[in-house]
Amino acid sequence: MKIVLGILFNGQSGTLIAGAGRHLLYEGKFSAQSFLFELQNCLIHLGLSKEEVHKIYLTPPLSLGNHSNLKPIFHIRLVPEQFNTSFSVPKGIQKNVEILQVTSEKLIKTLKTREEQIKKAQVISLISPFAMVYPEKENKAFRVITKFTPAVILKSQNYPHLGFREREKALLMAAAFTATINPYLQQLREFFIPYSPGIFWVENEAVCVTDNFLPQTCGKVFELAPLVQIARGAAVLFGYHYALALFKVGQAFKLFQVQNSVEVSELSPSFSFTTISSVQHLFASIKANLPENANGPVPMFNFSGYYLADSYPYRIHKLAPSRQLRFLGLLTAPAEITMLSFCRQEEIDKNKKKLLKRLQLFNKKHNFLEKPVAFSQETSLRYLPFNQTILKVGLKETGI
Amino acid sequence: MQEITREWIEPLWYGSIFLGSGGGGKSHLLAIELQKALQNRSISLLSLEELPENDFFCGTGLFGSPELCEENLPSGLEAGIIIEELEKHTGFKFKGISIVEGAGVNIFYPLLAALQTGLPVADGDSMGRAFPELQMTTYHLENLAAAPLVLIDGNYHLHYFLDKQDTFLLELNTRQIIGQQGGVGYFAGFPYPGSVLKRVLLPGTLNFAREIGECFLQADNYRELFTMLLEVTSNSFYGPIIELFQGTVKKISTFELAKWKSATIISPKGEELQLLYQYENLLAFKNGNVAASVPDLISAIDLNELKPVNNNEIYEGQRLALLGLPAPLRLRIKKALDVVGPQCFGYRTTYLPLEKLYPNHYRNKEVFS
Amino acid sequence: MMRKDFTEALNEIFGLVTDLPKKCLSLIPQPQIGYRVLSTPCTPTCPEASTCPYNLILTFKLKDEGFWVAFPKKRENNVTITPALLLKFLLIVLENLQALEQAVDNSLVKNALQFLASQLDTNIFLFDSKGQVIVSQSTSPISLSTFDLWEKLNRAGEPEGWIETTEGNFYYRAFTKNGRIEGILAWKTEPIQPEETDSYFSKDSIFIIPGKNPRFLEIKKLVRQIAITNNTVLLQGESGTGKELFARYIHYLSPRKDRPFIAINCAAIPDNLLESELFGYEDGSFTGARRGGKPGKFELANGGTIFLDEIGDMPIQLQAKLLRVLEERRVERIGATVSYPVDIRIIAATNKNLQELIDAKLFREDLFFRLNVFPVHIPPLRERRDDIPLLLDFYLKNICLEQNKPFKIFSPEAIQILKNYHWPGNVRELKNVVAYAVSLCDGDIITPSFLPKYLLNGTLAGTPQTPVITIGVQNLESKKLKERLEILLGEYGHSTQAKKLIAQELGVSLATLYRWLNKYRLK
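Protein chains in written order, with full-length UniProt numbering: chain A, 1 to 400; chain B, 1 to 369; chain C, 1 to 523.
What the hints contain is simulated information worked out from the structure, not anything from laboratory work.
Where a beta carbon is used, it is the ideal one built from N, C-alpha and C, also for glycine.
Wrong hints could be hidden among the right ones.
Unchecked claim - Here are some chain C residues pointing at chain A (derived, C-beta under 8 Å): (1) Ser145; (2) Thr146; (3) Leu391.
Said to hold, decoys possible - The calculated DSSO-like cross-link candidates involving lysine-lysine, where the alpha carbons are at most 30 Å apart (straight line), are: (4) A:Lys137 - A:Lys147; (5) B:Lys335 - C:Lys405; (6) A:Lys392 - A:Lys354; (7) B:Lys250 - A:Lys352.
Work the whole structure out from these sequences, hints included.
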């Protein structure tokens, strides 16, 4: 049997789960100290050997362990003086981040005044606007900071998300990952020696952590990860190939679509999705454009607490979000590995082939994905004197 | 006078993409920020008729790559700086903000500037859609300069273009600076009084964009959407929309040496349409014949989402409807076509109006004779 | 035992067939679990497919027993499966199935019911005795709380009828047994929307009445609403406001769209000819009558729309005849002894105040009431001045295309003049002015020098325009009109050709011009 392990680091105690296919096989709690013991326990309980653990899925929340007042992440925003100062740290990691907003000119001076703090930080994250197109500033600052601390320094240029805030979110997530989860990664790897099961980070899709694949997708749907996983879990539990799932988060509704049994995507519009009539309206337009694999009645998992009547073709299943659904959705997340490159338009095809080849070699070596299919995505940056495109190439698993 | 409230932002969003004709860019963050800012405030919107003759307005907007706009999300602060600088150098005290490019991000940025300065916005623009270059404006057609103009780049450096230099030259100069300084910048320029704007600007752009956007919010299906868009566009200074094509994107290709990209769309019946674009959608070919040409607008609608999409969002396998919208007459007279016609983008053919390409659709059931 | 009860009920109440011929059974696949609904033919190889009397077959298995229910085809058995009938059937099935097998998987029954319900193009709710929804379906998402619906149904009192909801009216029927409600069915019949995949590419040409003035928008909306009915419409408005355009618009939006639209101007045809034009005549009914007779406009419009323009100018004796057509929907040719039924929609138009004509005994009051079912007042252009720039743009574009000229625009000065002009000839005059300017101007920009001269001396330049037109101003305008007519007559002469030119210049029809000339005694 090949099983998937899931690990959630929630608060003071983490949860360890295990599953295979549609089946949830094990659930147990652990603390920072009892982690390895619980892991061992799980395998014994299931009568499995280490070899049979195929993949290990990690997912938010991120915190575990007893933090002192010391903040493990020191975040440096290298920006012009007039820069928009509004700032939002992803939920759950606020307490771990110390922020410094500074101009490049004043960097050294400021670092000196906070030397103590920097030296104690486990991770330094560094961001400046336009770093993907103009990485020099970050590189220069990187060299300066290395003189202050031996800690891990993450540069935002390696997090190829368009938009400063998007990139900052991903960067901070990666920093939090490095600070809180890396110690466990070490333990996990040692535990499974001589085997090396793939270790993945799951928000929506499962992204391989080995070889630094993390930056490309972490932080993207961090806040929504539980909902995405519950939606997938429900579709898996009821065995639907295609389904919709409706949630209510604060004022806003969130609507997800599950395709091919496990691929989840968000359908909620970007604005004002807060009234039940806007939900009805969206249903009406979805109905007109249902994909081919959604023949017949369309199951709709209603987690919102609002009453909805069956309405052809929608068949409403009123459900409450549950841990079991989330666990199932986590363990069945389709795995993918992606690579990005920032290239000129003319080089797209060449680069695509190159990246794909590297991914395939990587996968062959580690045997992470079974029956992978390739995909790619291009985002061109327009109106620049040079033509630049962000090219994303990936391999993903096909269903469960 | 109208008030732009929070409720305007969502319809404006879709309207701005539609009028972008494939380009113009978009910033969701900027729209959300505006929505937040408008929670307990509003912006005065003056129709061109209402503009005070002798008060000066300041044109403002984003230069460069709208995709990079979110790299250094404008706070409005920079708008305050450049407008003040322009006031210093021209001696005018501005009484309002005008829109230069009534599409994409550049519909939203002037609203941010208006919030920052507390000034009203004039409901009109000088492009009627998205265009990539500074001289493709109705100002230029009236021989009115863009300068004096102040530009602030991504690193908050100010650049001044105070002499009334040729607009085309100004375009080249600003572009160079933007390219070296973060890829995005904001400008204040086109300082003209109400009396000039009344003559020069295309009227009602914001209201039109909003009406277009409302169609996308209200329609439940494509048929409804088309009917609503038809009604809105028929009663505008543009003209009735037409469906150019409906199908699935089969292939997207890049031409190595030219600036052009093309998308091949195939209909269920097997017909093919080629969409040619640079920043904006510029030409469409069906069976080797021109099916639409710039300056007429060619806007793509994602049929699964029933929402307008930019051409950098088109992907293979996507189901699209391509709609044509006749450009305002001001962009289609001979003099204008010399600046915004197909040959200005490197295509040899002359402009063919949608009405001539589709006489059956546009044959009016008109009885006055 | 139960089986017998069940099948008998189905047979007697609904005429549904439960005993299928053996040869059929061999072709119908038996589900091991659940149910199956087949549309006939059951298999493509059925030798009797063409003569199969059924249209739907439902099979299911319970306690190892197979059941078959066949729904006969509508026409042959004269049974129409109405929502009520089908759902009553569903109720009975449900009741019997539950009695038959306590342990039966409820979802199976529900699935079967749901499937059957989906065969109907309707919104339905089926409640059990406790108000739980057993089956519901709607053709589009509706925001209606079933709890509210159930409350309403319970309060309704009558065993059947209809109730009002925010989603429209629902018919309902309660099923009772021994005086107790066993269930309630509520349904609403709505046509299912057609498929949306078809392209608009090769569709019919579009129909636009340009205008964004709020009042004008209201009128367009009203017209769109009444267009789909068969009601008579009375269009009132000044000359040149586009009454015929609206009449065509109504026809275009109506189900009669593809049938004839016949327009006749009652003022333009001499009184003695109007009757035969409208009603036609039989062979030899009068001297000069055509051999074989001639159909009238009413007959020609059969199935479509007839547009009677300038109805106020219809001779009073003809009005009586028209009234009969309106009342009986039959026409009688002149000289004929029999009348033909006609299916026509009548749209009448006038620029006169019919009430005044009635007072002056020039128009029949009873005819007025017949015509005035949906009165639509089309405002004159001066009352929607805000539309002038849009109309100028619209006609400028279309006239350039018509004349195959490159596009042009008006200079701001020209627009200013056109915006200030009082447009007595309304939209028609505006269009003529645009056409005039386009034919004279070879350049890109139409400046004031390309506008008709009378706009420039335009009397009105300088006088501020108030949007509210008082009677005093109207008199003033009528004085101006008289002056202008005199000038034009002096310029062009009095010949018919001259009058045509004058009418064109003023943007009015020849009939209107004649009326004005009469009014001001300028003949």
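Going through the hints against the structure:
{"no.": "1", "hint": "Ser145", "result": "holds, 6 Å"}
{"no.": "2", "hint": "Thr146", "result": "holds, 5 Å"}
{"no.": "3", "hint": "Leu391", "result": "violated, 35 Å"}
{"no.": "4", "hint": "A:Lys137 - A:Lys147", "result": "holds, 16 Å"}
{"no.": "5", "hint": "B:Lys335 - C:Lys405", "result": "holds, 14 Å"}
{"no.": "6", "hint": "A:Lys392 - A:Lys354", "result": "holds, 12 Å"}
{"no.": "7", "hint": "B:Lys250 - A:Lys352", "result": "holds, 18 Å"}
Hint violations for this structure: number 3 only, all remaining hints satisfied.
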